[in-house]
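Trainee: Sequence:
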Amino acid sequence: MAGRWLDLRWALSVLCVLLMVETVPGARGPSTGAHISPQFPASGVNQTPVIDCRKVCGLNVSDRCDFIRTNPDCHSDGGYLDYLEGIFCHFPPRLLPLAVTLYVSWLLYLFLILGVTAAKFFCPNLSAISTTLKLSHNVAGVTFLAFGNGAPDIFSALVAFSDPHTAGLALGALFGYLGLYVFYVVTVILCTWIYRWQRRGSLVYSMPVTPEILSDSEEDRVSSNTNSYDYGDEYRPLLFYQETTAQILARALNPLDYMKWRRKSAYWKALKVFKLPVEFLLLLTVPVVDPDKDDRNWKRPLNCLHLVISPLVIVLTLQSGTYGVYEIGGLVPVWVVVVIAGTALASVTFFATSNSQPPRLHWLFAFLGFLTSALWINAAATEVVNILRSLGVVFRLSNTVLGLTLLAWGNSIGDAFSDFTLARQGYPRMAFSACFGGIIFNILVGVGLGCLLQISRSHTDVKLEPDGLLVWVLAGALGLSLVFSLVSVPLQCFRLSRVYGFCLLLFYVNFLVVALLTEFGVIHLKSM
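Under mature numbering (1 follows the signal peptide of the UniProt record, and there is no 0), the letters of the sequence shown match residues -26 to -1, 1 to 502, in that order.
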């Protein structure tokens, strides 16, 4: 029996890797300018010269739009919006600050989408999969939890590496993410100390602290797909009450818990208002299986609707919709076939099941939700990469610096809260293993798969930033931090103190200052 579970685990791991490979946008859609392929032609081929897109700000205002549309370096693989064309072709030059403000606001909202999708839909489905495969908490912490925490970073890296122009963005992001592990370690150490102190001072052995200040990540993870069922079960009368199918669907699609809304702070309510559209869209498209509930979160009308909508979302987000609009035999688009097949399957499921009893194969919805949420993350990560590259063009910043600052911070804030929550709930070892397990997974899979995809498509080596000093700063900081931990942790007999955490934080601040000074030319190599 154990052997069969092991074989199934390996098969699912291979499937996940293959799905990640397929989700990287690589197909080019029609562009407004001339089609040039490849973007880095071999020597001797007469092609339009590739000019650094960041030179657009040095041109006359009347020439910027044509430069953006015709220069291959300004074109991005994948994505639904052309942000550079929006800035330089649709906004007047005097409104450039307004355009940048709108882009930054959209960027922050994309980070919110990434966090909500990963915390409430991606990670719960990963947890359900690990429960189905009967994995221990420790193994799940270094495998599925690490993958769940690192999903935005992995997909962002794969998207960035799929385009030669943003390879430095991916490298900077992964190195920046590796630098942020010091913050995770400090978080785990401090929260473990707080947890032990509270346990000593408490007479009741229970949860240390309710996650009131944890950006509602843990509370909303449950209520995101069960909504008011948590409080509804508590205050529901003891008499048996049979809900109709329409009532089940309405409550399952409601992302707001009214009782929780009344007792929360104004800050929480303001943040919740921004989350509501995202949560409603994800509730409508992503199924979530909860093994801790008696009904395993089975909502028959909504789950049957998922059988139609989730596959449709998959084909419309895969390769930025390229596969979804492809016509089979030049007649029928793929999305039409998917809708017909999904409708037939949903009809069979609806009439073969009941509202009260989940079907035997309900656990398969966890895999469907995992794939759908992963593609939502991939779509949002694609837009994040494109916006950051556009901002880099406007401010003439290198992709590497954008990656090690904005992209790393935005994608890592959810990981920090996950580790914070785990440590405060009394699982410091799982949080600590997720810190290092996720980092190793990100650097190996993110760089490895990203480079492999780019090399296999373009048959050329991945080219990073031409000025290589910053790359050496990143690699050197990474090596020094790992050596410091490798030496100091055994010297402390593997009992980490707050001093160790503060040292790591100080190291990261120094690393970031040196990296930024290197980017802006304050620190540079002397020319021979």
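Simulated from the structure, these hints should not be mistaken for lab results.
Errors might be hidden in some of the hints.
[Claimed, not checked] BS3-like mimics (lysine-lysine), calculated; alpha carbons at most 27 angstroms apart, straight line:
1) LYS500 - LYS29
2) LYS238 - LYS267
3) LYS249 - LYS108
4) LYS234 - LYS267
5) LYS234 - LYS246
6) LYS249 - LYS267
7) LYS234 - LYS249
8) LYS249 - LYS238
9) LYS267 - LYS246
Bear in mind that the values here come from a model prediction, so they are computed numbers and not experimental data.
Trainee: Are any of the numbered hints broken by this structure? If so, which, sorted upward?
Mentor: 3
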